[in-house]
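Residue numbers (this note's numbering), protein chains in the order written: chain A, 1 to 79; chain B, 1 to 500.
These are computed hints drawn from the structure, not numbers from a lab.
Be aware that one or more of the hints could be misleading.
To be verified - Residues of chain B placed beyond 10 Å of chain A at every Cβ, according to the derived structure:
hint	residue
1	Gly299
2	Lys300
3	Phe414
To be verified - The calculated label-pair distances, taken between Cβ atoms and stated as ranges, are:
hint	chain 1	residue 1	chain 2	residue 2	range
4	A	Glu43	B	Ser212	42 to 50 Å
5	A	Glu50	B	Arg459	28 to 36 Å
6	A	Asn79	B	Ala191	29 to 37 Å
7	B	Tyr457	A	Lys51	54 to 62 Å
8	B	Leu387	A	Asn79	20 to 28 Å
Note that beta-carbon positions come from the ideal geometry of N, C-alpha and C, so glycine has one too.
Spelled out from the first residue to the last, the chains are:
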Amino acid sequence: MDDRHKLRDFLADLLRHKGDVDGFADSDLLMTSGRLQSIDTLELVVFLEEKYGVDFAERGFNQNELDSVDNIMALIGAN
Amino acid sequence: MRIVPQLDTYPKLIAFAQTPAGKVAAVAAFAVLLRLARMPFGSIRTPVVELAVIVGILSFFPQHRRLLVSAATLYYLVRHAGSLLKLDFIRWVASWQGIRTGPTLTVAAAVALVAVFCALGLYLKIVGQHRHNLLGRRPVLLLVGSYVCLLVAARAAPHGVPRVAAWMLLAIVCNYLWFFAYAVADYTSKAPDPYRYQIGTFLPFWIGNRVSPTPIGKGAAFLRRVEARTAEDLAVTQLKAIKLLFWLVILNVVQTVFHSFVYGELPHRLATFWQSHHIPFPHLSVPTLDDALQQVATGKTVPAYLAWAILLSHFILVVLGTTIGGNTVVACCRMAGFRILRNTFKPLYSANIAEFWNRYYFYFKELLVDFFFFPVYVRYFKKYRRLRLAAATLAAATFGNLLYHFCRDIHYVFQLGLWGAIAGFRVYAVYSLALGVGIVISQLRGKKIERATLPFYCRVIACVGVIVFFCLLEVFDYTGRTDSLHMHFAFFWNLFPLVR
């Protein structure tokens, strides 16, 4: 399974946990639209730290970079 | 069954709202509903006509939206400079220093404001050019830190003009502080908005007369993601604004009836009508929380049933007031073409404390999360997940919350001195600490509970528990500096006669 699929699965799990079973596109803004909240961002931060070694303290933290699958993939790619 | 029709889902209405006649009708509906949604008991008077004219212009020239928003915001600043720049406070400081408070002082404040905007522009440029050093990585910390240092130093400034100048600077930056912080945060990204667009996000016109340092709609980075890109998108966003205002009108009626019934106070026109018809108005005459606190301060007790009635009434009105006030701003922002989330969204539906905080005052929570929670979360205790979460939550809900209010209410520092202002903050410190601890516990427990799978009765119990927690917390939601902690605890114990 490639990184994009792993990430999509992870985000789908987060949404399902909140009772949101609607699909989402890679460009959908999940935070801005209110489908994911700050508390979900925490899970995502830990996921990116553990799986991809992203160090937000080093690179700076910007919630906007975690808003969609495309943005997160760009962040992983830049890491 | 829905009370408010889902206007933004009717294809014919969406199509109509894209036509010139539809745009005029939408702005007219907006103006009427905004007028009806004004809170009858508050001191806030939304300038309906001004807002309607501005959103009307924005509706017809969406291609220039960001520039027009900046222009409208600057117009608003000139028009409402008194409240936006705390001119009364500046005059008060000047009179204390024996300086004349005539037009020269107003001109000086205007010059200082221009200087602040220029200095910020320069700071943003520097931050943008140095993204990878300390200045670029911690710009908000430097911005807010500088403000706090100036606040601490202002009282020590030499008597006379220098002291007035220092307080003038503080008063001007005071309401803008967190708006500036979002602009600075945007400049750490690769493609920030130009400064001419950033200006439109500093106390933007859609706040109406609700002058608050909390940026509803956050900053430029957020707004450019939620901006309507097409005519259809704009029509849907504006219909969402109208739908929201419909809901706020209903809440306004509920608030008026509830306030009148509980406290026996009627809005002026209703009172006149009632008196002219010699009809007795039925009401409970429940004392306000403030009155009850004054009563317990004199050593009197309040019966438990009455204390609970006081608290519950106060809580309901606070929630209604926050919902109407904050979401009115959201509706105005949506009419301008930005599809932002509601500030308050079904708070009483929350099944845990963290969820309530998220639903109750979304943009204040976002401010604390953006500038306090995440900076701590991504830096400290990374190997200890629970400790990491707890530290970040306390940094936001407790420390950030206190700092926000301390920076907002600078007149107490001038009035009472630094130590007096800090010591007087004890009641709100209890509030912030209890809130922080409550959210930490809620977050740690929340991971174990899958909300969607909760049985109905468990959910009801959870919701009631959350409401009781926030009700009790309201006893300490006091940002003034004169009340003693004893006074608030005395009332608190009146709620539990068996424990007392």
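Do the hints match the structure? See the list:
1. With a least beta-carbon separation of about 44 Å from chain A, Gly299(B) lies farther than 10 Å from that chain, consistent with its non-interface assignment.
2. Every beta carbon of chain A lies more than 10 Å from that of Lys300(B), the smallest distance being close to 43 Å; the non-interface claim holds.
3. No Cβ of chain A approaches the Cβ of Phe414(B) within 10 Å, the least distance being about 35 Å, so the stated non-interface status holds.
4. Range check, Glu43(A) to Ser212(B): about 31 Å between beta-carbon atoms, so the 42 to 50 Å window is missed.
5. For the pair Glu50(A) and Arg459(B), the supplied restraint of 28 to 36 Å holds, since their beta-carbon distance comes to about 32 Å.
6. Checked against the hint of 29 to 37 Å, the pair Asn79(A) and Ala191(B) fails, with Cβ atoms roughly 19 Å apart.
7. In this structure the hint that Tyr457(B) and Lys51(A) lie 54 to 62 Å apart at CB is violated, the actual value being about 39 Å.
8. For the hinted restraint 20 to 28 Å between Leu387(B) and Asn79(A), the CB-CB distance of approximately 25 Å keeps it satisfied.
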